[in-house]
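Enquirer: Residue numbers (numbering that gives the first Met the number 0), protein chains in the order written: chain V, 0 to 190; chain H, 0 to 597.
Since the hints were derived computationally from the structure, they do not count as laboratory data. None of the values given here were measured: they were computed from a predicted structure. Check the hints yourself; a few may be wrong.
Stated by the list, open to error - Each computed BS3-like pair below joins lysine-lysine, with the alpha-carbon atoms no more than 30 angstroms apart:
id, chain 1, residue 1, chain 2, residue 2
1, H, 524, H, 398
2, H, 141, V, 73
3, V, 73, H, 218
4, H, 528, V, 73
5, H, 558, H, 528
6, H, 528, H, 578
7, H, 142, V, 73
8, H, 578, V, 102
9, V, 73, H, 153
Said to hold, decoys possible - Examples of chain V residues toward chain H, derived with CB under 10 angstroms:
id, residue
10, 95
11, 111
12, 151
For every residue, glycine included, the Cβ atom is placed at its ideal position computed from N, Cα and C.
One letter stands for each residue in the lines below.
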Amino acid sequence: MSARNAAVALPQPHETPREAPQRGLRVVEAPRSRRRPRLAYALVALAGAALIAIAQIGLTLATTHDSFVLADLKSEQRSLRLETQALQEQLAGASSPQALAVKASELGMVVAGSASYLRLSDGTVVGAGTSADWTSTVDPTGSGAVANELLTQKPTVTEQTSSAASADEKPVQEPDTPPALTDGLPVPSTH
Amino acid sequence: MTTRATRGPRRRTVVALAVVLAVLGAFVFRLVDIQVVNADDHVQDSLTTGNLGHTTPIAGNRGSIVDSDGTVLAASTLVYDVQLSPSLIEDVDASKNNPPEYLWAEASDKIAAVLGMTGDELRADVAADLERDPDSQYLFLKKGVDTAQYLELKELRDDSGLAYLAMKSRSVRVYPNGAVAGNIVGFLNGAGEGQYGIERMQAECLAPTDGERTYRQSKDGVVIPGSETVTDAVNGGTVTLTINSDLNWYLQQMIAEEAQRQGAESGTVTVVEVATGKIRAAAEWPSVDPNDIDATPSQYWTSQIFSKTFEPGSTFKAVTAATIINEGAADWSTSVTAESREYFSNGAEINDPFFHPKYTYTLAGALIDSSNVALSKYGTMVKPEVRYDYLDAFGVGHKTAIDFYGEESGTLHPASEWDNQSLYTTTFGQHFTITAAQLASTYQTFANDGERIDLSLVESCTNADGTVVEQAEPEHEQVISESTAAQVQRMLENVAVQGGLSERIEIPGYRIATKTGTAQTPDGKGGYKSGVYDVSIVGYAPAEDPQYVVVVTMDEPTKMRTSAATATAFQKAMTQVLKTYRVTPSTEPMDELLPKFK
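Next comes chain V alone, as it looks inside the complex:
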């Protein structure tokens, strides 16, 4: 027992501790088949990358597309605004007092003198008390006509394009007299 202990006590040359294989040694029968990488994982990875790329491209496309749409809409707005402006210019001066007065006098209207007023509270007529006569206190077509260059400018839009524009300007018209009344003024029926 002491010899064996001594033999054990002394350092022994270290040998690769080959552990006594607890499990049994077996002969390798065949190499373990390597597991092929799962196709699904690869596909998912690639698909994810592709999706990100597509999303990126899509967003950029959408942003730039909007700016093209914006450019289109702005140019449409501009052309509509120009059309409005052109139409308004045709009306330039048409609502001025001079133009209205000339048209009114061509229709036979006059600017009469002092007016009478009907006081509703007691039904009395106050003021001039006489009916207006047919003498106009001013003559809008006469020597005192107030100038407006916008009404005297000659139109320069050509014939072929006046159809594109709206009403033709400065129509030469005979005075439009209202139709003759034969059986009194039309009376509205009121409740």
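Please build the complex by placing chain H on the supplied structure of chain V, with the hints as guidance.
Expert: Okay, now just chain H, sitting in the frame of chain V:
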């Protein structure tokens, strides 16, 4: 431990990594090269040849001028100047990729038709220009083309491919109502700044603030998103006047007719609202149409109502009467004797406008007959300095609160400088000058029971963002007491009813009060013209509760040379004013007539 079994895949990994690193390294190298080493060169390139960045100013619109109802009297709009590049015509016509729809021969016909020329003229012009300079890039065709023609030319250029045509836009001022209130509204000079009238006086309110737009664009002109920064332009504000443009039109039409009928040089009508001092109409003839200022002589480009001074004459007899009544020295019944020509103790000679025997006038009678001699005697009842103070208080010698561009203040000499003659002539409106506006203000004082309210022409300025800046409240001043004003008002109504023009100025349904005035016109050489006068008439209605003051002046009428020339004009003017504002007709009858003579 690498075994043969593991060495294969590991190597592939390493190789793959190495390749990736190599590519990365190449990119990094290239990036450093671009961003760090050659950075300045590239930046310089982009600025000079890339031309990607642009800054354009955004012009704001000048504000518009509107009347009291909102009718636009002045507005800004765009017109276009058309030009051609003659040297491009050949290139455009010969272009294979993008040939134009019409070649030059046909295109020139179309362009000329839009512009109102003939095709031959246009071709001749272009040929002449090319002869002069074969590389000419610029031939001016027509200025001030309106939007409809611009759209046609744009169609020709863009859709039909006539790329040598160019239209530049330009902002111009348009006055839709023409000459209505033209002298008040004023107009711009060539640089777009106000030159006369409200355009000049309210330039601050009307002026726009320009904005700016900075962006980068791609080759086909589309703005790169995210690169645009915009500072908006701020349009000018809208000036609202107190003028009623329809009434102004009528009065301009009427005074033009009447002044021409009377053979006068010019005429004006001013309407002031008694309760507020606002000028409701300022009509004159000749008037300027701001659309076409060259049609009127330049002396009429500014407003005569504010800038023409004249000696008022008899209209200021009422001021003398108010002076002596307010000082307690007299009342309507105080009497003086007057012959039609009298010599005063200091050597002055005063004549009445018509021959009459010796009368004993009341103050009322002196006003009704407009007797210069009688007023001279009434004037002596107070000291000259007192009369000077009252004239000064009524606004003579001061500009009105409007301070119109080019307004005159008139002249009033101090009482110490009055000589023997002018001591008396100042009692009947001579030896000092006023404008029509000051005359209107004086009678506004009478009509408003002695309280003068400063005249005003501008209501407010509405900024582009909608904030309204009202004009400052006009000043009020009680110049004469209410009882004095009441007496003067009664006398003025008697002038209207008992005076020589009473039938011509009568307005059915209303009680009115008036006073006429005749003044000699200076002949420019220190004396006066003979036989022609500057006549005026001023009045208010209704007499029992005055609402509106109307002043009508006429320069040198030749058919009727006295103030009777203005009678019809006044009657028409006052009738229209009362109609426009639907003033209630007079229901109380007039107080009993004041006697003219004692």
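Enquirer: Does each hint hold? Answer for all of them.
Expert: Verification of the supplied hints:
Restraint check for residue 524 of chain H and residue 398 of chain H: satisfied, since their Cα atoms lie roughly 26 angstroms apart, inside the 30 angstroms limit. Of the pairs offered as hints, the one joining residue 141 of chain H and residue 73 of chain V holds, with about 28 angstroms between alpha carbons and a cut-off of 30 angstroms not exceeded. For the proposed pair residue 73 of chain V and residue 218 of chain H, the alpha carbon gap of about 18 angstroms is at most 30 angstroms, so the pair holds. At roughly 67 angstroms between alpha-carbon atoms, residue 528 of chain H and residue 73 of chain V are farther apart than 30 angstroms, so this suggested pair is violated.
A C-alpha spacing of about 16 angstroms is found between residue 558 of chain H and residue 528 of chain H, which places the hinted pair at or below 30 angstroms, so the restraint holds. Proposed proximity of residue 528 of chain H and residue 578 of chain H is contradicted: the alpha carbons are some 39 angstroms apart, above 30 angstroms. Distance hint between residue 142 of chain H and residue 73 of chain V is fulfilled; the C-alpha atoms sit about 27 angstroms from each other, no more than 30 angstroms. Among the hinted pairs, residue 578 of chain H with residue 102 of chain V is consistent with the structure: their alpha-carbon atoms are about 21 angstroms apart, no more than 30 angstroms.
Distance check on the hinted pair: residue 73 of chain V and residue 153 of chain H sit about 17 angstroms apart at the alpha-carbon level, within 30 angstroms; holds. Below 10 angstroms, beta-carbon pairs count as interface contacts, and residue 95 of chain V has one with chain H at about 4 angstroms; its hint therefore holds. Because the beta carbon of residue 111 of chain V sits about 9 angstroms from the nearest beta carbon in chain H, less than 10 angstroms, this interface hint is met. Below 10 angstroms, beta-carbon pairs count as interface contacts, and residue 151 of chain V has one with chain H at about 9 angstroms; its hint therefore holds.
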